[in-house]
Amino acid sequence: MIECIAIKKTYVSGDMETPVLKGVSFTINDGEFVAIMGPSGSGKSTLMHILGALDTPTSGDYKLDGKSVAQLSDDELADVRKNKIGFVFQSFNLLSRTSVLRNVALPLVYAELPEDERDARAAAALKAVGMDESRFHHLSNQISGGQMQRVAIARALVNDPSLLLADEPTGNLDTRTGDIVLGTFQKLHESGRTIILITHEPYVAEHADRIITIKDGEIVSDTKNPHVRSIKI
Amino acid sequence: MKTKDLISESYSALTVNKVRTGLTMLGIVIGIGSVIAMVSVGQGAKNSIEASIQSIGSNLILISPGSTRGLGALVSSGRGSSQTLTLEDGHALDKQISFGHTTEMETSTRGQLIAKGKNTNTRVIGTIASYTTVRSLEIDTGAFISDEQDRTSAKVVVLGPTTRDDLFGVGSEAIGQTVRINGNTFRVIGITKSKGGSGFLNQDDVAFIPLTTAQHYLVGGSYLTTIAVQAASSDDMPSIQDEVNSILLQRHHINDALQADFTVQNQADIVATASTITGTFTTLLAAIASISLLVGGIGIMNMMLTTVTERTREIGLRKAIGAKRADISSQFLIEAVMLTFAGGALGVVLGWGISAVVSKFAGIAANVTISSVLLAFGVSAGIGIVFGYYPARRASLLNPIEALRFE
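Which chain is which? The protein sequence lines are A and B, in order. Note that the first sequence ends on residue 248 in my numbering; no numbers are left out. Note that the second sequence ends on residue 1624 in my numbering; no numbers are left out.
Same shape as in the complex, but just chain A (with noise of 0.2 Å):
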């Protein structure tokens, strides 16, 4: 469960003090499918770097499954992203020319599991977001881009997050194979993920069950989606 408990959180440069969070409160129930929708510039981001405990609210409390991550250093921010998280970027982030199977490990490398249980989850997360086996010792970038994000999505899964967070997952995708990865999303949602959709695009939101929209730093509007657009992969 995601709680977030008047979040504020403002930039300081030299006297200026840019407010970007001004108090964002919202809970998030385990299984959830959501999407944070805003235009650039509303905080979506810096609300996703909280969420993701990459950074850290200048006030307001964050708890992930009734833990709070408010207050953490970095190495114990590090620790939560490893044990609770799953990233899925825009731009993939895979390592390039290191194979697939290997791409989809890299996170239990740090969880500090042996080379055999690596390879074995990690193949049971690509088969989860429906990676051909073959494919499994391609190099990253012998793949195309809906594969890629994919292969990322896996990656996010692996070490069996409490949040999968992805931001902009389709951004860097045309319409087909973003569908592809959006629907990817529902299979995981329906067999239980928590997921959080950080996206500018509505057509990308409305895949989701609940749609919370931001704008200069403050919720406008966080309601059930009526029509949730299914996709059947």
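Please keep in mind that the hints were generated in silico from the structure rather than gathered at the bench. A couple of the hints might just be wrong.
Stated by the list, open to error - Just the calculated beta-carbon pair ranges, DEER-fashion:
#	chain 1	residue 1	chain 2	residue 2	range
1	A	His-152	B	Ser-1588	40 to 48 Å
2	A	Pro-217	B	Ala-1543	40 to 48 Å
3	A	Lys-239	B	Val-1236	50 to 58 Å
Don't be surprised by glycine CBs; every beta carbon is placed ideally from N, CA and C.
Since chain A is already given, all that's left is putting chain B on it; use the hints.
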């Protein structure tokens, strides 16, 4: 993160860009290679100089004329340039030294040797029969000068193999032939075995004649250029040296040892002096070679800094999936150490190759010692740590958010 995984991650990162990894490593390869080669060549030169000093005999105390200081003169004449040692000094020493010893006396000059139209300029040593014992000289064919020949000033000569080759042709039979030295005809009675050495140090380019013959026909007077006393036991060397000093001071009527008109040298001192000189050269060569090692290290740092910038997004990603600062910095540090270590290993091979080539073509027995190899490995790993530390630290301090955004 487990060490094995850390090494495996670093290794795969290095193999991604093989050409660059190779070129960076080359700097260390050349650095370590030249240090090893220089040290081993220096060590080889030192060994060969020491060996040639040892080959003039063992347990030797060498007395040479020199360091005279005339009345009122401010400058003493140089060692070996004056005529202060005489045959009588030599005989007196032989008689008066109370420890077991053998004495050899000689006067040496350069002479023009002519045989059947061929000629050579060589060192001519006038000496006595004990020379072979004291100077460890072995006779190949024929015989060395006898006491009888010395007493009668016989015109006989014993040639070194190089001199024989120059005058009569390589490996030819020369016994019984005649040689003219500075206008006098000598009969060849023996050829010595080779003692080795080359260039100035060629101990085979020499001719021996009886001491009295040399004094009568070549140099004039009863002066000696060297008296060599060989101690029967190396333990007696200091006592014999003291005796030699006091006997000669008394004979030359000198009260102040600092005013002595002769020089007494112990073979061990000569070896020590030569070792100091060659040691200095080895250090100098190694110092020059280490400059290339330093340049190689800077090359590593340069590449690691480039790598950190290039892989900013990768670092961001690794942090996002849970890598701690220490994980990131150790990975980059290990990459640098792996580079220098592999470079060091290849450098040892290169250095060994260079010293093998030098041994073959320059006649110096260069040998690569285990200690220089271990030192090379230590130094290269150290360079990896020193020059990898700053880039690794820079990588570990990157803010993951900015790193992920980096284009």
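Enumerated hints in conflict with the structure, sorted upward | none
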